[in-house]
Amino acid sequence: MSSDPVLVLDDLSIALATISGEVPVVEHLSFSVAQGSTIALVGESGCGKSMTALAIMNLLPQGFRCSGGRILLESEDVVAATPSRRRALRGNRMSMIFQEPMTALNPVFTVGEQIAEALRAHQNLGRRAAAARALDMLRAVQIPAAENRIKAYPHQLSGGMRQRVMIAIALACRPKLLIADEPTTALDVTVQAQVFDLLARLQEEMSTAIILITHDLGAVADIADDVAVLYAGRCIEQGATRVVMEQPLHPYTAGLMVCVPHLQPGVMAARHRLLAEIPGMVPPLGQRPTICAFSDRCTRVGNDCLSEPQPPLFTLAPTQAVACLHPLQRETTA
Amino acid sequence: MSAPALLEVDGLFVHFEASRRPKPAVVHAVDGVSFRIPRGTTFGIVGESGSGKSTTAQAVMRLVPTTAGAIRLDGRNIIDLNGVALHEVRKSLQMIFQDPFSSLDPRRRAGNLIAEPIRLLEHRSKDETAARVDELLAAVGLQPSAASLFPHQFSGGQRQRLCIARALATAPALIVCDEAVSALDVAIQAQILNLLLRLQAERGLAYLFISHDLGVVQHMCDEIAVMYLGQIIEQAPNSAFFSRPHHPYTWSLMTAALPAGPLRQSLKKSYLATGEPPSPINPPNGCRFASRCPFVVTRCREEAPELVAIGTGHWVACHRHDEIDPPVFA
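Protein sequence lines, in the order shown, are assigned to chains A and B.
Residue numbers for the first sequence follow this note's numbering, so the first one is 1 and each next one is one higher.
Residue numbers for the second sequence follow this note's numbering, so the first one is 1 and each next one is one higher.
Hints listed in this document are in silico derivations from the structure and should not be mistaken for laboratory results.
It cannot be assumed that every hint is accurate.
What the hints assert, rightly or not - With a cut-off of at most 30 Å between alpha-carbon atoms, the simulated DSS-like pairs for lysine-lysine come out as follows:
1. A:Lys176 x B:Lys23
2. A:Lys176 x A:Lys151
3. B:Lys126 x B:Lys91
4. A:Lys151 x B:Lys91
Model the full assembly from the supplied sequences, consistent with the hints where possible.
This is the structure:
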């Protein structure tokens, strides 16, 4: 990557204010995304991946705040930006697609009006120019009969169409950064594949940087260049997607990979065989230990895991870093 | 077919009236579906939203009125039962829903929630019921102390365990699982799938397993049916289904569900269906998949294909099933 990264997260921490003091939600998260590349944030619910996205967008709910670190969008500190500057950044230079397209679209405006709204607010386009660009965007996200659909209300469209409209709104101003929070979870599998293809194609055209939030690494491995695995608000493994998927080094990442029954056509599945499961569950907010938060579910736990604080990420291979005292061994077979 | 299977669904139709004016519109949610589930086995139904898989499940549970057809439990047609007779049937027929957050009454304690089906259907004494609740909590891996907690005090996975305990309360022979693990995180999903497998082995349960996730279905099911727009378009035992699927729609589903990699990339071009399913209101006359099928010919649009047997227990509804070779997935 020759160009500077579009987004840099530098030691970001997010905290939630409670009656009994501040509770850490995300701790010491660092990563960067370059122009035209994609990073996937992977983890179970409650691991802090959506809060990270909202922090970048400056949309943290009440009570949450960035308690440390910096978020740099093209070298500009987003956290320190004034409210009007934030509004100028959101939707224009960075934007976001949400999981549920039905609740993210306004039911009383046509989809054309909603796409045009972003353009009029951020690009100072007139009504007509914005409407024309909205139509272009609908065509770009491959909605058939776009001339008619531009006048449709969200309820008249299927789930897949609505998510395409969301993508059109998000990309209307050609942002540098797009955050997609589980963009296909609510969609059918064949439509999911279509939406991912569309995202990849538009990314190539506009060289947008994408942060993809997901709980299933397998689903995004095709389009994510890098991956960061979060557990209980901490990044426990980070690296190039191919490398991490082929040889996860953290026991949690490895557990995540094998506990999903992936489709294996042509293979006589060992029916009724129990899946390799990770016992227990993620420690709830406010009850995270300073030692490795995964230690109570881990099969490789040692005495040092229970006495020493969770280690920071350290690089084990050129494109892979892991935060574990007893990582899995890297096989050196060629 | 000699001895009756545990559950036999025969020519099931479920139609809903969508509107009367300006012109009558009927949603063909389920259009002539037949299958049988032997005792102790798992029958999977896969399909996209709107394919009628959930409606089929609800019809089996007698939660929606059926338009035509028969549903036989142990050889007895339950379609016209009501009142006490239906209560008797419900003892052996239970259901787990997708969303454990909305399928439990938030104002009642876990113990009370599990005792409800026992109280309503089995009329046991208080002590007997309490003992049974303890036993059920243990069976699904919850502490006895959980009985006094409210649903909001549990995590998603624990709530789904509660729902399973509720379903087990009357010792049913068949449990309908409608997307029972779709709302759960992958690590929790594995725990719940394992729990379902263990309970099946211990208690000889049969499952009607509704899911959109082919990986989960391959892992869980003995026999699989694919539904599209209210009809079964392919049905086969596990090994035949996943080694040599014959319907282009099944190919599309499998291609979409393949793990990322060069194989998926290469198959996607030829086999992934484009567009989205047509409306189930007044569905097309010919093959219902014709509008999205990469292999469509004129005949497909004019004439609806029938399910034909192409192997032991392997059925497919496609005019061109013997003309086109299935893709090599492995």
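Hint check:
no. : hint                : verdict
1   : A:Lys176 x B:Lys23  : violated, 49 Å
2   : A:Lys176 x A:Lys151 : holds, 28 Å
3   : B:Lys126 x B:Lys91  : holds, 19 Å
4   : A:Lys151 x B:Lys91  : violated, 51 Å
Violated hints, listed in ascending order, are 1, 4; each of the other numbered hints is respected by the structure.
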